[in-house]
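Asks: Chain by chain, the residues:
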Amino acid sequence: MSKIGVFICHCGENISATVDCKKVAQEAANIEGVEFATDYKYMCSDPGQTMIKEAIKEKGLTGVVIGACSPRMHEPTFRKACAEAGLNPYMCEMSNLREHCSWVHDKSDTTTEKAIDLVKMLVAKTKLDKPLNAIKVPITKKALVIGGGIAGIQASLDIANAGKQVILIEREPSIGGHMSQLSETFPTLDCSQCILTPRMVEVAQHPNITLYNYAELESLDGSIGNFKATIRLKAKSVDPKTCTGCGICWSKCPKKKIPSEFNAGLGMRTAIYTPFPQAVPNKPVIDKANCNYYLNGKCKVCEKVCPTGAIAFDKPDELITEDIGAIVLATGFDVLKPDFFPEYGYGKYPDVITGLQFERLASASGPTLGEIRRPSDGKIPQKVVFIACAGSRDPAKGIPYCSKICCMYTAKHAMLYQHKVHEGESYVFYMDIRAGGKNYEEFVRRAIEDDGANYIRGRVARVYEKDGKLIVRGVDTLMGAKPVEIEADMVVLASAGVSNCGAEELAQKMHVSYDPYKFFAEAHPKLKPVETNTAGIYLCGACQAPKDIPDTVSTASGAAAKVIGLFSNDELTREPIIAVVNRIPSHDVSTCVGCFMCETACPYQAIEHEEIKNRQGEVIKTVARVNPGLCQGCGTCVSFCRSKSIDIQGFSNEQMYAEVMAVLAD
Amino acid sequence: MNNEFEPKIVAFVCNWCTYAGADLTGTSRIKYASNVKIVRFPCTGRIDFMLLLKAFANGSDGIIVSGCHPNDCHYTSGNFHARRRWILFRSLLDFMGIDVNRIRFAWVSAAEGAKWADIVNDTVSTIREMGPYTEYRKAASFLAENEVELAKEMEVPQ
Amino acid sequence: MEKQGYITTIKGKTGVNVNRCYQCGKCSAGCAVAEDMDYPPSMVMRMLQTNDEDNYQSVLKSESIWLCVSCQNCLTRCPMQIDIPSLMDYMREKSLEQNSVNKKSKNILSFHRAFLDSVRYTGRLYEIGLVAGYKVRSLKLLQDMNVAPGMFMKGKLPILPEVVKDKKQISNIFSKTGEVHSGPK
Amino acid sequence: MEIGFYPGCSLKGTSSEYAQSTLALAKAFDINLVEIEDWNCCGATAAHNINHELATALPARILALAEKQGLTEIVVPCAACYNRLTVAQHEINKNPELKARVAEILQMPIEGKVQILNVMQFILKYISDKITDKVTKPFEHKVVCYYGCLLVRPHDILQFDRLEDPQSMDDLMRKIGATSMDWGYKTECCGAGFSVSRTDIVAKLSGRIVKDASDRGAEAIIVACPMCQSNLDMRRPHINSYLQTKIETPVLYITQAIGLAVGLDRDTLGLKKLFVAPSFA
Ligand SMILES: Cc1cc2nc3c(=O)[nH]c(=O)nc-3n(C[C@H](O)[C@H](O)[C@H](O)COP(=O)(O)OP(=O)(O)OC[C@H]3O[C@@H](n4cnc5c(N)ncnc54)[C@H](O)[C@@H]3O)c2cc1C
Ligand SMILES: Cc1cc2nc3c(=O)[nH]c(=O)nc-3n(C[C@H](O)[C@H](O)[C@H](O)COP(=O)(O)OP(=O)(O)OC[C@H]3O[C@@H](n4cnc5c(N)ncnc54)[C@H](O)[C@@H]3O)c2cc1C
Ligand code: SF4
Ligand code: SF4
Ligand code: SF4
Ligand code: SF4
Ligand code: SF4
Ligand code: SF4
Ligand code: SF4
Ligand code: SF4
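One line per chain: the protein sequences are A, B, C and D, in this order.
For the first sequence, counting from 1, position 591 maps to 591 in UniProt numbering; every step adds exactly one.
For the second sequence, counting from 1, position 86 maps to 86 in UniProt numbering; every step adds exactly one.
For the third sequence, counting from 1, position 73 maps to 73 in UniProt numbering; every step adds exactly one.
For the fourth sequence, counting from 1, position 35 maps to 35 in UniProt numbering; every step adds exactly one.
Hints should not be assumed to be uniformly reliable.
To be verified - Distance condition first, Cα-Cα at most 25 Å in a straight line; then the derived BS3-like pairs of lysine-lysine:
hint	chain 1	residue 1	chain 2	residue 2
1	A	LYS469	D	LYS204
2	C	LYS104	D	LYS211
3	C	LYS106	D	LYS204
4	A	LYS466	D	LYS12
5	A	LYS482	D	LYS94
6	D	LYS211	C	LYS165
7	A	LYS509	A	LYS234
8	A	LYS234	A	LYS130
9	D	LYS94	C	LYS11
10	A	LYS300	A	LYS234
11	C	LYS176	D	LYS211
12	C	LYS103	D	LYS68
13	C	LYS61	A	LYS482
14	D	LYS113	D	LYS94
15	C	LYS11	A	LYS397
16	A	LYS482	C	LYS103
17	A	LYS469	D	LYS12
18	A	LYS348	D	LYS211
19	A	LYS142	A	LYS562
20	D	LYS142	A	LYS348
21	A	LYS528	A	LYS562
22	D	LYS204	C	LYS167
23	D	LYS175	A	LYS348
24	C	LYS168	D	LYS211
25	A	LYS298	A	LYS348
Please keep in mind that the hints were generated in silico from the structure rather than gathered at the bench.
Assemble the whole structure, with the sequences as input and the hints as a guide.
Replies: Now the structure itself:
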């Protein structure tokens, strides 16, 4: 039999001005199961709390209902007080007499009656409360960072500098990501490699960071604090421990005509290669798809010339498993590839290039050593047309969003071009100039006012080639929408930023949600921008949406801060408001029929399959089990379960039913 | 005035949006009719429609179900589940002889205090016009007899 | 037509929501006849977006709607997939209906009319008849005198029209779709 | 083998050589094209410019006649007719009300199930595979392929070839030994139905096309539409006076070019009916 204590608060006059608090307490005392009821001016004050604690001890209360303000305000206060008096904190509930009653109704008998009803409802619920214990989960203080672009680099360094262990995996032979490909960066025009390389080196040398290059996540199990990550270390065909990075192998490799990914196809590389001279780690891998030995069993030149005997053709992929407490996703983005722009002739005319290719042309480390020369004949283009929003903001091409970075980098490109080719002319076709950011608008204005980039508002309909010129047919919408034709030497497409290949697959492996464009989804766009909906997995950088470097680095540090915050505790404490699958009457039996409707309902993949075995160890049936680390307590599963086998602690079927019935009972 | 019918209305709301929104109505001191009593759920996804049927079967004249706006669900998708099942639920109500106008499905965010007051007032006056729900005993026995079948009916194929 | 309604009417009749156009100009950039138009297609879109009766009337009276050759370049490339060709069709029908066909475009309309008259009477296009009909309507009596003899010589202009047997059905089609004979103007 | 054939008005008049060469080519590959009996004009640009319902009803009659005649597949060489027929059938099929209304206007049932092939689709489906064996006189000329605006549009309805930079005609030309060049005007408009009413515009639009072809050294422009052909060919005097040059690049139908390659003679293919005479045949 329950012994409930009811405490009605006046909140000064906030409640008592319209509700007859004395009467509410008196009526409450008459409710079945109520042992004690009283009212007081300020329940949350020290004397008020003392009053509750004493009553618990003196009357041996098994539950407490506070009729006061919103539980969103003071539930923690009162639960703490109860715990101090030895009552399980989850046996304490609040009835909202202030926000939901006294403040929204006029003084009258009906208002007092409503208050009484509200108390009755919570008494009914509290009677069915069960003692619960906060869930404690131990934490493995080691983070996994996936993706070694500037986002992953920054997050790794921040976490490592806080004294925590980091494993960084990068699927390419080197870390650095897109930033390593850039020439100079807006809005300050500092050299990308100059600011990035020191950080890459720091990653490689940091005692708290283990870097696995040429590696990918194979699978992931477990939950926040205790993930188990299986990582595939792709065979490099070169033993990194013996290799000194001397470079003899790639200077002798006969396969020299492989388009270099790093140079966005504008340069060539060998089959054994490092993507670029400053690569980290600076040891080569063999690209099996292009190596003569793997293709037809002949060659092995590299093996012959290698002074240290580092070539290891037959070494297979390796799988390793790591215990991980938290994960940072930093897999970045990609730019839209050919065939999306048949009207612009991309892929058909060599001098129609993407912005990323332009970066390589403008970069001192690029195929032209920083001179702007067009790919077809190496001539310096005298007229360059830049086309903004190429693919972006184009629902017809399936990309309705704005890629955010291209307005800025197009201004940068026009500027760099004008700096390098003084007598040249640059034209930018744009729809809007989106330059929101510190010093961004000023940057664009400089391109227009000081460097003389010709901005034309309008889209380009098509580009075709004639007599070695690219005829660009666009429009100037600010001049009565009359067509404009420019005979250009080179056309640069500000092609849309899109999600990285493999992003969807990775998200599914990790149970992270993603948007229709396969960018990973944050838990809340404003208030949880670096969290995912899966506890313990954070994200940063351009894997979330196209982002520039300042935004990428801020989110990376944000994600790192979340990880460090998590790792600052030894254990994780969580509210026990989670679902459970009933195992009554005896542990062996469950009414669960194994339909797994709950599994389809759960937004957090918290439902697991559990086999029930008999004494002989044979499987009798498979039932649902809730992973308490993943369950967030939404209760969606409960309303899906037909056999009412799954229920949620603190909001059980029985309790909710009792609460509703208490309203209707007269 | 005193003789006017005062309907009993139960509001099933989620903790994160509408409950907080109703708190804001209070903080802003916006007045509304006192007929509605709020039951707090973690999420609209938790709101089992059998529970709503039981509320009707036990004499509720009207019901409000309210949670986060689409895409704003604290738990990502609970409200989508609720919305999908709502379609089935309407036909079920119809089948049981309950006018669908007795139930109001709404979205009220934590910032929409005034909207909550409007919804309550609006629902109260609608139900007041419709008069008391008198066939509830019939509904109760119907529910008692067919509970399992009804539960099956509410199952949503994915 | 009342001021508030034409955007909605256009949407209902053609499926085109003029407010979807974000004025990128790609249609005008690729339109074959934009430079001959008084309002290039993206301007037509903008004028309709204003929901302003004067602008609506200007479009109805424009040369643009008659110059549009339905080549579909605009629709093909429009990022918002706005069906300008259908919109142009609709505007032409409206313009005809309220008798505000652009003066400079009367010839184009005359040609369409003459063409349809030929079809109405023979079920097929009778090219000599067409040219004759057009000349009467447009008063361009000397046009194409230099081409026609060549066509005769090359056997490209049959002297007598080919005629559909079921002429009744053809004239039914015309009367039921409301395409009444307009006579030479 | 027998397939339905809708010539349309142009092929009976100004473009009789297109009909001639299509029929001859089909025959060379043992295909008999059967004309739809008592067909009418599709209404072309005129109808669709000023009366939407008429623009649907006229093509619908043609389709209904084909059905009545038991034809499941019809070849429509004129790109404009092809476009009108395909669009009309599409609209009828997606809108049952319209279908009923059209049946009422025609006083004839209409199913909307006839397969409509343009000349390219016809060649690709029935001839293309056998061409290489049949080529006796490779068409060794530098050409540009002009698709015009109607052959591939509206793409979501026609679903034929690539929307921008189509390739099917180029591929066919290469098959018969031609050098098909990239150029700038594959799908730009020639002025279409303005041939008579706005000859000035046709001269300008077609002029650009012809000039680009000639600048690139094309020996012929290959087309698959009578309207394109007559604008580029018959209007050449206007074009030349607009351009103030004398361009003599001939404009051949694809059926004529293939016909020549498989050894059909000039007359059968109606080559002498071209205004700008080809120098090579
Ligand atoms: C043309 C162009 C010019 C630009 N110019 C500027 C500029 O001037 N200023 C500026 O601020 N920003 C600029 N940017 C934006 C800048 O490139 C990005 O902000 C930045 O690169 C984002 O960093 P990231 O680490 O999030 O992603 P990325 O640089 O894309 O790095 C992601 C990394 O993750 C790795 N990876 C991907 N998937 C996996 C996987 N499954 N497993 C393991 N590893 C994986 C990738 O190999 C890569 O190394 C420009 C962008 C472009 C396209
Ligand atoms: C009209 C308007 C509409 C907006 N709408 C949106 C929107 O819809 N969505 C959106 O995402 N963003 C919106 N924003 C932006 C949003 O308001 C800001 O992003 C956000 O408020 C920034 O938060 P903050 O904490 O940095 O600064 P603030 O909100 O300015 O907070 C700074 C705090 O510091 C205190 N303070 C200042 N100086 C001192 C001092 N010396 N010592 C102690 N305390 C100090 C101030 O009193 C203040 O409380 C809007 C902004 C405006 C103006
Ligand atoms: S408990 Fe709540 S209602 Fe009571 S005095 Fe404190 S704030 Fe006011
Ligand atoms: S030659 Fe040998 S040591 Fe030198 S870089 Fe190549 S693999 Fe390494
Ligand atoms: S074996 Fe392969 S990687 Fe080595 S030198 Fe030969 S081609 Fe290059
Ligand atoms: S950032 Fe600029 S160029 Fe890029 S999609 Fe947005 S508006 Fe277009
Ligand atoms: S829905 Fe219920 S019965 Fe079905 S698996 Fe889940 S807990 Fe078991
Ligand atoms: S309560 Fe929510 S999160 Fe927990 S298992 Fe059920 S559906 Fe999943
Ligand atoms: S292309 Fe489309 S969106 Fe752009 S201006 Fe034209 S109609 Fe508008
Ligand atoms: S369909 Fe009309 S408006 Fe569109 S591009 Fe062609 S001529 Fe211009």
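Asks: Is the Cα-Cα distance between LYS176/C and LYS211/D 25 Å or less?
Replies: 45 Å, violated
Asks: Regarding the pair LYS175/D and LYS348/A, is the alpha-carbon distance no greater than 25 Å?
Replies: 21 Å, holds
Asks: Just to be careful, I want the Cα atoms of LYS142/D and LYS348/A compared with a cutoff of 25 Å; is the pair within it?
Replies: 20 Å, holds
Asks: Given the hinted pair LYS234/A and LYS130/A, is their Cα-Cα distance within 25 Å?
Replies: 51 Å, violated
Asks: Does the structure keep LYS113/D and LYS94/D at a Cα separation of 25 Å or less?
Replies: 12 Å, holds
Asks: Does LYS562/A lie within 25 Å of LYS528/A when you go C-alpha to C-alpha?
Replies: 10 Å, holds
Asks: Within 25 Å, alpha carbon to alpha carbon, are LYS469/A and LYS204/D?
Replies: Holds, because 22 Å separates the two Cα atoms, which is no more than 25 Å.
Asks: Does LYS167/C sit within 25 Å of LYS204/D, going by the straight-line distance between their CA atoms?
Replies: With a Cα-Cα distance of about 39 Å, the restraint between LYS204/D and LYS167/C is violated, given a limit of 25 Å.
Asks: Hey, LYS300/A versus LYS234/A, does the alpha-carbon distance stay inside 25 Å?
Replies: Given that 25 Å is the threshold and the Cα spacing comes to 20 Å, the pair holds.
Asks: For the pair supplied as a hint, LYS298/A and LYS348/A, confirm whether the alpha-carbon distance does not exceed 25 Å.
Replies: Between LYS298/A and LYS348/A the Cα gap is close to 35 Å, so the pair fails against 25 Å, i.e. violated.
Asks: Under the criterion that the straight-line Cα-Cα distance not exceed 25 Å, is the pair LYS94/D, LYS11/C satisfied?
Replies: Given pair LYS94/D, LYS11/C holds - Cα atoms ~18 Å apart, limit 25 Å.
Asks: LYS348/A and LYS211/D: Cα distance at most 25 Å?
Replies: Given pair LYS348/A, LYS211/D holds - Cα atoms ~22 Å apart, limit 25 Å.
In summary, the numbered hints that this structure violates are 2, 4, 5, 6, 8, 11, 12, 17, 22, 24 and 25.
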